[in-house]
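K.L.:
When you get a sec, could you build the whole thing from the sequences and use the hints?
Chains as they are written, first to last, in the numbering used here: chain Z, 95 to 1027; chain U, 378 to 668; chain X, 3 to 247.
You can trust all of the hints, since none of them are fake.
Pairs of lysine-lysine, DSS-like flavour, derived with a Cα cap of 27 Å:
hint	chain 1	residue 1	chain 2	residue 2
1	Z	391	X	246
2	X	246	Z	415
3	Z	993	Z	907
4	Z	299	U	579
5	U	507	X	206
6	X	215	U	579
These are calculated hints, taken from the structure and not from any lab test.
Residue-level listing of the chains:
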Amino acid sequence: MPYRQPALDLSPPVSDEVRKTTCYMCACRCGINVHMKDGKLAYIEGNRDHPVNRGVLCAKGSSGIMQVTAPSRLRAPLKRVGPRGSGEFEEISWEEALQTATSWLKPLRETAPEKLAFFTGRDQSQSFTSWWAQSYGTPNYAAHGGFCSVNMAAGGIYTIGGAFWEFGQPDWDHTKLFLLFGVAEDHDSNPIKMGIGKIKTRGAKVIGINPIRSGYNAVADDWYGVTPGSDGLLILSLIHELLKAGKVDLDYLAQFTNAGCLVNATEGSEKGLLLRDSAGELLVIDRVTGEPAAYDKAGVRPDLGASWNGHRTVFQHMAEKYLSPYYAPEAVAERTGITAARIKGLAAEIARVAFEEAIELRQPWTDFRGERHEVMVGRPVSMHSMRGISAHSNGFQTARALHLLQVLIGSVETPGGFRFKPPYPKPATAHPVPHCKVTPGAPLDGPHLGYPQGPEHLALKEDGTPARIDKAFSWEAPLSAHGLMHMVISNAHAGVPYRIDTLLLYMANMAWNSTMNTRQVIEMLTDKGEGGEYVIPRIIYSDAYSSEMVAYADLILPDTTYLERHDCISLLDRPICEADAAADAIRWPVIEPDRNVRGFQSVMLDLGARLGLPGMVGEDGAAKYKDYADYIVRHERRPGVGPLAGFRGNGEDVGRGAPNPEQLQRYIDNGGFFATHVPEEGLYYKPWNRAYQDWAVTIGLYDKPLPYLFSVYSEPMRRFQLAAEGHGDRQPPDHLRDQIKSAMDPLPAWYPPFGDAGAGEYPIHALTQRPMAMYHSWGTQNAWLRQIHGRNPLYLPEAIWREHGFAEGDWAKVTSPHGSITVPVALMAGLNSKTIWTWNAIGKRKGAWALEPDAPEATKGFLLNHLIHELLPPKGDGLRWANSDPVTGQAAWFDLRVKIERVPPQEQTSPDFPVIKSPVPKAPKNRLWGGEK
Amino acid sequence: MHPAPSVIVFTVLSGLGLGFLAYLGLGFLRPSGVYAFLIYGLAYGFAVAGLLASTLHLGNPQRALRAFTQWRTSWLSREAWTSVATLLVMAPAALLAIFAGFPSATFGFPGALLALATVFCTSMIYAQLKTVPRWNHWTTPALFLLFALTGGAILSAQAGLAAALCVLLGLLLIFSYRLGDGRFAERGSTMETATGLGRIGKVRLYEPPHTGTNYLMREMIHLVARKHSARLRVISVLFAAVLPAVTLLILPLSVATVALALAFHLIGAFAARWLFFAEAEHVVGLYYGAR
Amino acid sequence: MTQLPATPSKKKLGLVIDLDICVGCHACVTSCKGWNTENYGAPLSDMDAYGADPSGTFLNRIHSFEVQPAEGPSQTIHFPKSCLHCEDAPCVTVCPTGASYKRAEDGIVLVNEDACIGCGLCAWACPYGARELDQAAGVMKKCTLCVDRIYNQNLPEEDRLPACVRTCPAGARHFGDLGDPDSDVSRLVAEREGMDLMPELGTKPVNKYLPPKPKDRPAAEPLSPIADLQATGLAGWLDRLLEKL
Ligand SMILES: Nc1nc2c(c(=O)[nH]1)N[C@H]1C(S)=C(S)[C@@H](COP(=O)(O)OP(=O)(O)OC[C@H]3O[C@@H](n4cnc5c(=O)[nH]c(N)nc54)[C@H](O)[C@@H]3O)O[C@H]1N2
Ligand SMILES: Nc1nc2c(c(=O)[nH]1)N[C@H]1C(S)=C(S)[C@@H](COP(=O)(O)OP(=O)(O)OC[C@H]3O[C@@H](n4cnc5c(=O)[nH]c(N)nc54)[C@H](O)[C@@H]3O)O[C@H]1N2
Ligand code: SF4
Ligand code: SF4
Ligand code: SF4
Ligand code: SF4
Ligand code: SF4
Ligand SMILES: [Mo]
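P.N.:
So this is what it looks like as structure tokens:
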């Protein structure tokens, strides 16, 4: 038959309707177009107008349909009927669930509100949940930042008043050299991919500093396979090289940082603090007059080289420290795994691009001293970093070192460098300090979390013991700005610092992958006291799916999925801003739930009203808000400032304005988000730029302009050191003095990660990485994604592979000071020779997530968490030290040290846990789209 | 390639049946009456059973008739035509033998040609595939035809001819095994050419696109242990060629002797055909690091 | 139909994939799966979706390779692969039913599912593993180059491109007419020395791959110190440095 082709309909209808909302498969919060066909969800694509993703969508976002239709979705409130951990539940009504919760929480509030610990996971409504907890009156509230990346957040905010973590981005449009430290995926998933694609296409260079060469590091033009935990050394060595060659931006340092400030040299309780004038303003020596002057006075030119009455500038202290041969490339090569020649080469490359390829934008602007600049000078070297640096016990200082590097070359908030996203810049001093004062029957005295400026802001009780169950803001973790969620269960179990009654958890899989020491945590959750009562008496949990954690709660509040509820991604919290614009967004029910589930925030408002919490009930004691949607529109944090910044008042007001009943509809009509642009003059130099500062005040980000200097030298840290040296009336316990003295160095420093103590017996570093196509534990219930990552091999470098004679198909027994696992291995060549790794959170508990018990996730998949303990191995001093950063308490996941041994192929990874009973019906066998079988 | 039982059964039995039909058409055997009914029945039985088996692996067998449309380019389509033509053209020959008791060269000769053409078309389905270098060679049609002729000769009780063909078959099998082992390398497809990354250096798979299996892997990636294959190769030559030849030459010719020789031959043929599939490597395996 | 069009089309629509920036995120994999489950032909099924051996039909998959250059560290390359819409498409000519065909007007290779018997031969003929037989529908599935998007009047003009291209966060996928030497994609291919996969098989793929750019180049010359610290001490260094202001 000769050539003939069928007639095709080239313009089939695409959908009946497109509903625009916000993705939820990670904290990137991209805009999505949800296509509806016959009233059903048909297809999800990116929203082209959205400031975050500009139309693109990642693998998870594009498979939202499999998330929303996953058989693992919880169906109704559950009451535990069997023992904890058995998975035996009974479905109950919402009325019964809410009454139960009320009957537990009401008496607690009247007597001891701190006995409620309310911790939330990757909560996108933290401004709401923290408000709820504050109103309830418990000091025990935090979200997940403590086990995630608080080092990054705190390191950034204390140093430059903003952080890599969500609140900043490289200047993708102008950068010529981009350095990426320790990132596999990050929260800014799509923007980073878009940015890397864009700059590489333009011919800019990308450098990956990471023990593992995959993903972003695979496309990096140069790869530095650094040995884990040593980035601080590497960075300080780069700084050493730059200083030695004088390749630093002196002008920038003098004008915009505290490098020109004077460090008090007088012995005593002020030693090492910065000199101030009588009005409390920082003092510098003006180069023009040679006289001391307030740093922000018009016309002042701080002299970096000044000495005054024996007080030297920060700059001199810094130079002295980093010019030391201790940081010479030759001295750090061995520890970092990078040769001296490459370290020097990298320093030279940074210097070349920063200073020889500097750019100028013809955009006049005026600084906080009132000086007008005709151009914006850019040092087009940008950097970004996340957990590869922050998830180590030296992560806070390493993050500071990295910011110092950026500041030295003048690339923060300048064209081509690193840019803040509103509501940042915002220095640590402009944040609240922690509050912990409990009054039965009344709200807490202020917000739970914040940025202590010195020991006076620690959350301690009268007797000096920690006021919080997680011991955040105690001497063990003074700057734990995000709380320490990973310590809650073990502290509550140990009854240290005190016993609690009810643990209320929201979307955190604490009985599995978000916990260290998983098996023991499971035991703590099920442990009973002498009288047969549970040591943690009551656990309430909200999840949307049948996760491992569900089995360990007494009462389950089943949440909706992301397409079935209202949400708000608020400027009060973690918004979706870009460097050019302030932006926020909503989710709204684009489909109706087909189960007896309710949005968690609406449930909390209902519960709050039943408990009579201030702010949640009106004068008459009746519920103030109908549901979360009503709250989003009508709640005001400060007069005129509410959860959403867009379309306020009559619909035209931005940032400040009366509540507008039409607001949600306006958001929906606008594609689910709102964005307002930073004026051209305010686009760079934001911390010092009048145009930006004034704009930020108009839209309600600040109440008055807040210019500040970058803290090359950190005074708050010095204040803690002073306390440890014996000054002041708040004194650390003796066993912590040395740790505070060394860890709280006011200049960025490096010390070996605590895990290195075991390096002799456990020579290998073990890491995890986020797979781009999986989100922690929830990705697995997605039938598309689990085909991509249904099991996780342990990747070994060639050196270890050969040393132990591994062959394809082999397994390994991996042992840490804390335990052993037996797992399948695979070879990877692009890997630091002392490092092994696997994908994070692929391993699943049998019976969870509506998977068959013989699913590969449960038979071949595994977690490294079994090898990681929340405490360090005993050192023989009778104390158990936390496996965390001593400054922020950040969980040191990546300090893990192991040894390895080859074993023949196995059928089952170990440890292997018994099957838990599923609270949801069995999943269909096949997904056929119309007629599942 | 996945050695699917349906395809092995199809090719072995249809080849045997068609080979036998060819001998019948050429008049090597001249059965009549009930005997002819049995003989032709046997030949048709093998051929048809084989052809039917081939539909077992179809995703939509109800549309099988469509397979007749593309004879201009598709060997599968040509095979469909030639097989049906063979069965149709041989039918009058069979009927004449059964009912009239005489062989018909008018139908038999073209029928025989068509039968062999069918076997050739079947073989070309495999031999045409550049993606499977081991198959993509003249030895593939030669083997298929030689199997058909040898099996047919055995069934036709042509002891001398069959034994001679057995010798040829044995030699060709040994030759094709030897040659086949080098075919993939000869074709020049490597992970480097498959990915174009050879200009950088040596390529290896680090992470497959999915952790489970998929259609491609089930269908096209099959690894046979070297030891296993060596053993089966010996078995195939021994049973398909050596034992039937010896049987036919040593034992007095009888139905039992033919049956025994055939049984040996079939065992060998199945082993050879299993190896034909199982040892054939598809270039797509390169993307999965399977080579 | 099973024949290739008598005169090859001048228009050769296809994809150009940039291996220098593909980060291996699998976004194109699932957006393709989503679009094609709702559109062209039978939905893409997933068998044993929540069980021990999940296996579904995908039209686009990402392999990840490591390449060891003669010098320098191993490189990792994420490698997307879907139908290359070959000019001499062996998958078309082997098809016994005519279900598999190459469109005369733009060169897109498609399967007419109503005619497909699911014999699998075309998948055997394809060197690239670009075809997968759907286990539920029993028909052959392959990349359609989103033929139901690229001309679709119901989509805004800017969206008339393949789902995988629209979604790729890194911008590693380009769509266009490779038959037109002046098209953006053709220029890219010329500039970056776009390459064919397994050219030795003579399939003449339309899709091209842009090779990764050279990596891990030798380290730059070290910086020279402004002063000899040992000799001058910190003060001398500071003087030299501040002279610059
Ligand atoms: N797809 C997807 N996206 C996600 C998530 C997810 O689960 N899936 N999770 C979200 C969450 S909660 C978080 S916290 C972020 C985290 O996002 P990332 O910060 O990207 O976190 P990880 O995947 O843990 O990757 C850590 C990286 O650091 C490297 N690394 C480890 N130790 C060191 C070191 O000492 N030095 C250097 N230079 N590198 C090191 C590891 O090799 C790895 O590449 O991702 C968010 N985004
Ligand atoms: N070994 C190792 N362990 C790690 C890390 C690591 O790098 N290595 N990373 C750590 C980090 S940074 C993080 S952030 C944690 C993350 O750990 P988790 O925060 O525990 O993350 P998930 O596994 O995603 O669990 C969140 C829970 O939220 C539920 N959920 C999903 N959607 C909804 C919803 O809409 N409503 C409600 N109510 N619940 C929902 C999920 O079903 C799941 O049970 O893991 C930590 N654990
Ligand atoms: S990055 Fe992916 S999962 Fe995260 S919000 Fe965006 S589309 Fe959703
Ligand atoms: S890639 Fe494969 S399926 Fe696509 S046209 Fe080429 S041979 Fe055919
Ligand atoms: S599977 Fe379908 S498209 Fe492929 S060759 Fe067979 S009939 Fe043609
Ligand atoms: S062009 Fe369309 S069908 Fe082809 S891979 Fe891309 S999304 Fe899938
Ligand atoms: S979406 Fe783009 S970057 Fe991601 S795997 Fe596909 S081609 Fe590569
Ligand atoms: Mo996290």
